[in-house]
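Heads up: the protein sequence lines correspond to chains A and B, in order.
The numbering of the first sequence is this note's numbering, which starts it at 59 and goes up by one.
The numbering of the second sequence is this note's numbering, which starts it at 14 and goes up by one.
Hints are computed from structural coordinates only; laboratory data are not their basis.
Keep in mind that the hints are not guaranteed to be accurate.
Unchecked claim - Here are the simulated SDA-like cross-link-like pairs (lysine to any residue), alpha carbons at most 25 Å apart as the crow flies: (1) K81(B) <-> L143(A); (2) K81(B) <-> R205(A); (3) K165(A) <-> L26(B); (4) K81(B) <-> S208(A); (5) K27(B) <-> E196(A); (6) K199(A) <-> K27(B); (7) K81(B) <-> K284(A); (8) K199(A) <-> K81(B); (9) K27(B) <-> G176(A); (10) K165(A) <-> I22(B); (11) K27(B) <-> L236(A); (12) K81(B) <-> L206(A); (13) K113(A) <-> R95(B); (14) K27(B) <-> K284(A); (15) K185(A) <-> S17(B); (16) K27(B) <-> E188(A); (17) K185(A) <-> K27(B); (18) K27(B) <-> L173(A); (19) K198(A) <-> T78(B); (20) K27(B) <-> I127(A); (21) K27(B) <-> P178(A); (22) K27(B) <-> S207(A); (23) K27(B) <-> T147(A); (24) K113(A) <-> S17(B); (25) K27(B) <-> N197(A); (26) K256(A) <-> V279(A); (27) K81(B) <-> D160(A); (28) K284(A) <-> G124(A); (29) K198(A) <-> R31(B); (30) K165(A) <-> V124(B); (31) K27(B) <-> V177(A); (32) K165(A) <-> S20(B); (33) K27(B) <-> E210(A); (34) K113(A) <-> R98(B); (35) K81(B) <-> A175(A); (36) K81(B) <-> Q154(A); (37) K27(B) <-> D183(A); (38) K202(A) <-> L26(B); (39) K165(A) <-> T78(B); (40) K27(B) <-> L206(A).
Since we're looking at a predicted model, the values are computed, not measured.
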Amino acid sequence: MGIDFVVVLRDVWKSYRVEGGGVITVLRNVNAVFRRGEIVGIHGPSGSGKTTLLKLIAGLERPDRGEVIVDGFNLNMLDDLGLSLIRNTVVSYIPQDYGLIDVLSVKENVELPLLLAGVPRDERDVKIDEILSYIGLENKKYAKVARLSSGEKQRVAIARALITTPSVLLADEPTANLDWENAVKVAELFRKISRDFKTTIIIVTHDPRLLDFMDRSLSLVSGTLKEITPTRL
Amino acid sequence: MYISLTSIICIELKCLIRCRVTYLLSLFTTLLTFLIILSYGKVRLTFILASLIPITSSTITIGYTTIKQMFHTLILIGAPRRYLRISLIIISLMYSIPYSLPYIAVSISSVVYALLIVMVTYNLTLNLFLRGVRREIERMI
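Working from the sequences, and respecting the hints, build out all of it.
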C-alpha cells in the first residue's frame with residue numbers, strides 16, 4: 059500500500075511587494091509532503107515565512123510559482139469559490155488570534171462552518187454536542203466567547219476547525235498566548251485529534267519545546283524548509 | 014455541497030443583531046420618532062439631516078470590532094470574497110430601513126426621502142469605513 063500524502067508542496071515560491079517598490083521573497087523553492095494523520099511542527103524565526111506557508115496551504119494566498127496540492131486538489135486550478143469550498147471542508151486554519159466572534163456564544167461560533175455549508179439544524183446540533191464534549195467544553199456551550207480565558211478560546215477555535223472533520227488542520231502559533239501548562243494541554247489535544255480523526259496537523263511555532271509533541275519537525279529559515287527531526291511514524 | 018449567499022447574510026445579521034450598535038440604533042430610532050411627533054411639520058428637514066451624523070458615527074465606532082471579526086471569520090471558514098461583497102450591499106440596505114422608519118410620523122414621502130438619503134450617506138460612509146476594514150483583514154489573513 060502506498061503512502062497517503064495529504065499535502066504536497068512542489069517548488070513553491072512566494073514574494074511580497076514592500077513599500078518603496080522593493081520585493082521580498084518569503085518562500086523559495088519549498089518542497090514538502092505531509093502524510094495523513096501526522097502532526098508536524100514548523101519552526102523558525104519571526105518573518106521567516108511560516109504564516110505565509112500556512113496561508114498557501116489554506117488557499118488564502120496563491121504561490122507565485124509552484125504547486126500546492128491538498129487532499130488531491132491542486133489549489134492553482136481552483137477559483138475563489140473553489141478555494142472557499144476547500145477552506146470550508148478540507149482545510150481548517152486557526153489563526154494566532156483564534157478568529158472567533160466575541161459577540162457570539164461558543165455554540166454559535168462552532169456552528170458557523172456548518173451554517174455556511176447549509177447543514178440542517180438537527181444535524182448541526184448533534185455535531186456541536188459531539189465536538190464540544192470531545193474538546194471538553196460542553197459546560198461552556200452557551201458562554202459568550204468574550205468571557206472565556208485564552209486557553210478556552212483556543213479550544214473553541216479547535217472545535218470550530220474540527221466541526222467539518224477536515225483532512226488538514228493548520229494552527230498558527232497556537233500556544234503563543236498561553237502559559238506552559240495550557241500550552242502542553244493544547245499540544246496533547248492536537249496529538250489526540252491527529253490519532254482519533256486521522257487529521258494531518260501542521261503547527262507553526264517559535265517555541266522549540268512544542269516540537270517534542272510532533273511526529274516530525276521542519277525548520278523554515280530564510281524561506282527554505284528543512285527537516286530537523288526524523289519521522290516517528 | 015455549496016455555500017449560499019443567504020447563509021452568509023444570515024450569519025452577518027446574527028452577528029450584527031448581537032452587536033451593541035443594534036440596541037443604540039433602536040434607542041435612537043425610538044427617540045427620533047418621539048421628537049418628530051412632537052415637532053410635527055416644523056423641523057423635519059433639520060431632523061432628517063441631523064439624524065445622519067450620530068447614526069453613521071455610532072455604527073462605525075461601536076460596530077467596528079464586530080464587523081472586522083465577522084469578515085475575518087467568514088473568510089477563514091470558507092465564505093467566497095465575491096459573496097461577501099454582495100452581502101455587504103444587502104446588509105447596508107437593510108440597515109438603512111430602520112433609520113428611515115421614524116419619518117412615517119411626518120409622511121410616507123418623508124420615509125422615502127429619508128430612506129434615499131440614509132442609504133446614500135450610509136453606503137458612502139460604510140464603503141470608506143470598509144476599505145479600512147478590508148485592508149486590516151487582508152493583513153490579518
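Report task. Take a quick look at whether K81(B) and S208(A) sit within 25 Å of each other, Cα to Cα. Result -> holds, 20 Å
Query raised in the report: Does the structure keep K199(A) and K81(B) at a Cα separation of 25 Å or less?
Result: Between K199(A) and K81(B) the Cα gap is close to 24 Å, so the pair holds against 25 Å.
Report task. Starting from K165(A), check that the Cα of I22(B) is at most 25 Å away, please. Result -> holds, 19 Å
Query raised in the report: For the pair supplied as a hint, K27(B) and L173(A), is the alpha-carbon distance within the 25 Å limit?
Result: Roughly 12 Å between the alpha carbons, so the hint for K27(B) and L173(A) holds.
Report task. Could you grab the alpha-carbon distance between K165(A) and S20(B) and see if it respects the 25 Å cut-off? Result -> Holds, at about 17 Å.
Query - Satisfaction of hint between R98(B) and K113(A), Cα-Cα up to 25 Å - result: Given pair K113(A), R98(B) holds - Cα atoms ~21 Å apart, limit 25 Å.
Query raised in the report: Is the straight-line distance between the alpha-carbon of K81(B) and that of Q154(A) 25 Å or less?
Result: Satisfied, since the Cα-Cα distance of roughly 15 Å is no more than 25 Å.
Query raised in the report: Holds or violated: K81(B) with R205(A), Cα cutoff 25 Å?
Result: holds, 19 Å
Query raised in the report: Taking 25 Å as the top limit, are the C-alpha atoms of K199(A) and K27(B) close enough?
Result: The given pair, whose Cα atoms are some 17 Å apart, holds under the 25 Å limit.
Query raised in the report: Is K27(B) close enough to K284(A), meaning Cα to Cα at most 25 Å?
Result: Measuring from Cα to Cα gives roughly 45 Å; hence the hint is violated.
Requested in this report: With a cut-off of 25 Å on the C-alpha distance, tell me whether K81(B) and D160(A) pass.
Outcome: Judged against 25 Å, a Cα distance of about 11 Å means the pair holds.
Query raised in the report: Is the hinted pair K27(B) and S207(A) satisfied, with a Cα-Cα distance of at most 25 Å?
Result: holds, 23 Å
The structure fails to meet hints 7, 11, 14, 20, 26 and 30 from the earlier list, while all remaining hints are met.
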